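There are 2 protein chains.
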Amino acid sequence: MSSTHPYNQIILFGDSITQFSFDPELCGFGALLANIYVRKLDVLNRGFSGYNTDWALPILKQLLPSIKEQKETANSIPLMTIFFGANDGALPFSPQHVPLDRFKSNTKAMIDLVKNPESPLYNPKMRLILITPPPINEVQWRKQCENNGEKLNRTNEAARAYAECIKEVGRETGTPVADIWSKIMDKIGRDDRDLSEFLLDGLHLNANGYKELYNLLLSTITERYPEIHPDAVGYELPYWRDLLAVDNTLEALQFPLLANKPTEI
Amino acid sequence: MSSTHPYNQIILFGDSITQFSFDPELCGFGALLANIYVRKLDVLNRGFSGYNTDWALPILKQLLPSIKEQKETANSIPLMTIFFGANDGALPFSPQHVPLDRFKSNTKAMIDLVKNPESPLYNPKMRLILITPPPINEVQWRKQCENNGEKLNRTNEAARAYAECIKEVGRETGTPVADIWSKIMDKIGRDDRDLSEFLLDGLHLNANGYKELYNLLLSTITERYPEIHPDAVGYELPYWRDLLAVDNTLEALQFPLLANKPTEI
Chain A
1 MSSTHPYNQI
11 ILFGDSITQF
21 SFDPELCGFG
31 ALLANIYVRK
41 LDVLNRGFSG
51 YNTDWALPIL
61 KQLLPSIKEQ
71 KETANSIPLM
81 TIFFGANDGA
91 LPFSPQHVPL
101 DRFKSNTKAM
111 IDLVKNPESP
121 LYNPKMRLIL
131 ITPPPINEVQ
141 WRKQCENNGE
151 KLNRTNEAAR
161 AYAECIKEVG
171 RETGTPVADI
181 WSKIMDKIGR
191 DDRDLSEFLL
201 DGLHLNANGY
211 KELYNLLLST
221 ITERYPEIHP
231 DAVGYELPYW
241 RDLLAVDNTL
251 EALQFPLLAN
261 KPTEI
Chain B
1 MSSTHPYNQI
11 ILFGDSITQF
21 SFDPELCGFG
31 ALLANIYVRK
41 LDVLNRGFSG
51 YNTDWALPIL
61 KQLLPSIKEQ
71 KETANSIPLM
81 TIFFGANDGA
91 LPFSPQHVPL
101 DRFKSNTKAM
111 IDLVKNPESP
121 LYNPKMRLIL
131 ITPPPINEVQ
141 WRKQCENNGE
151 KLNRTNEAAR
161 AYAECIKEVG
171 RETGTPVADI
181 WSKIMDKIGR
191 DDRDLSEFLL
201 DGLHLNANGY
211 KELYNLLLST
221 ITERYPEIHP
231 DAVGYELPYW
241 RDLLAVDNTL
251 EALQFPLLAN
261 KPTEI
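Going down the list, the sequences are from chains A and B. Residue numbers 1 to 265, in the UniProt record's numbering, belong to the letters of the first sequence in order. Residue numbers 1 to 265, in the UniProt record's numbering, belong to the letters of the second sequence in order.
None of these hints come from the bench; they were simulated from the model.
One copy or two, it doesn't matter: identical chains are merged, so the pair holds either way.
Listed next, the in silico DSSO-like pairs over lysine-lysine satisfying Cα-Cα at most 30 Å (straight line):
no., residue 1, residue 2
1, K143, K211
2, K125, K71
3, K187, K151
4, K125, K115
5, K183, K104
6, K40, K125
7, K115, K167
8, K125, K61
9, K40, K68
10, K40, K115
11, K125, K68
12, K61, K40
13, K68, K104
14, K125, K167
15, K61, K115
16, K71, K61
17, K183, K167
18, K71, K40
19, K40, K211
20, K71, K115
Because the structure is a prediction, the values reported are computed rather than measured.
Okay, chain A solo, but in the shape it has when bound:
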C-alpha cells in the first residue's frame, strides 16, 4: 500500500540510462517526463545502474502488482518503459553480458508478465514501451575502459544487434518501440555529426541524447497511446480559479481515485 494518496503512475524501468534520467542538468528524459506529467501522473524511477535483463526480470516480478493487488488498489500504472541492453550487450568476456537469445527471451518474459492473461501479474491496463539501447561510441568508451584498467568492453555493432533484437520483440509482441539507436545513428549520418555529441562517455546519454529520447518517447505516446499524452490527462484537483466557482469546495477537493471514481486510464 502506498504511504500516501496514490496518483496513477508511469514506471521507468531500466539500467543506468534510466537511473541517471532524473538528472536535470542532463535534461534526463525521466526529469522531463516527471515535469510534463506533474499533478497528473507520478513518474517513478526504477533504474538500476549496471543491471542487465537477467537481474531485471526477478526485480520486475516484485515491482508489479498482482491481479489481487490491482483490484484492491485505487491507482494503476498506465505506462511502463523497459530500457535494457546497454549492459546485456557488453562483450562476452564482461560479467554484465547476456547472450542475445537470452536477452530476447528475458525481454519477452518481462512483457509476458504484464500481457499474458495466465500471468499472476497480468495487467491489461498497463501500456508498455520498449526502448532500444543507444549507440556506443567506441572512441569515447575505450578511454573510459582504459581509465578503469580494462579493455574495450562494448561495441556499436553489438549495440546495433541488441537494438534490432528489441525491435523484433516489439514486432512479435505488438509492443511499441522507441528506437533511440536508429534515431541517433540517422541524425549522425544525415547531419554529419559525431556520436560524441549525443553521449557523455560513449555509453551514457548526454543532454542532446536525452532530449532526442524524450522527444522520441513523446511521439511514440502521441502515435500509439494518445489517451495518455500529457495534454490528454487531466490535473488532480481543480484549477484554482475553477475552485472558486464551485458550490461545494470540500467536495471539489476530493481526490477521484479515493472516491472510487478512477480516472479511466
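Knowing the structure of chain A, use the given hints to seat chain B on it.
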C-alpha cells in the same frame, strides 16, 4: 496500496512553487531532490498551483496514511515539506487570501495531523520541514497583474508577515523551518542584488531562487535530519559490481521493504 513496489517517499506539499519545482530548466528544488535521492527515496510532487492553506488542509487529510494503513504498508514517508503562504498572503481583496491568524491555525492543524498522538493520521516516523513563502518583487508582479487586468495583489511586506508566521509556528511546534524569505532578502542586502534575479515574475522562483531553496533544504536536512541526508540513505538493491560478488543473486535482488526488513527511517 501502491500499484508498484513502493520505495520510502518524500512528499513535497505546497502550491505553484512546489508544483513547478519539477521543472529541470528552472533547476526546481523538486527535480534536484528527485535526482539526488534517485534509487533511494521516491520524491512525489503534491503541489497545487494557486492553492492556499484553507484548501491544503482537506487535501492533506487525504494524502496521509491512517495509523492502520501505516501498519499495513511496507513503506513510509520519512519527510514531508509544507510550503504555502504565497497565495494565503495575497492582499485581502484577493480570493486566494487567508487571514494571518487562520494561516497560522491551518498550518498548525496540518502539523497536528502528523504529530499529535490523538490524530488518526498520527505518523511518528514522518519528519516535517516548513518552508516560508519567498519574497515578492512588487515591480515584476505588478506587471503580471496589469497584464491580467488586475491591480497589484501581493506585497513583500505581507510575504514577510506570513514568513514570520511560519517561523513562529516552527518554534511553537518544534518543526524545522527553511526560511527562503530571509535567505533571499539577506543575499539582496549583502550582495547588493535585485529581487528580480531570484524571481521569474515577482512571485515564482526562477533558477537562482530555486537553487537557493534547494541548498537551504539540504542544509536543513543536514542540520536537523542528518539520517535522511542523501549520503546517509542506501540504494535500493546492490551496486552491480557487488551483485557479482554475492553467493545468492536472487536473494540479493529481493527488495528489503517487501521482505519485511524495512529500512529504519
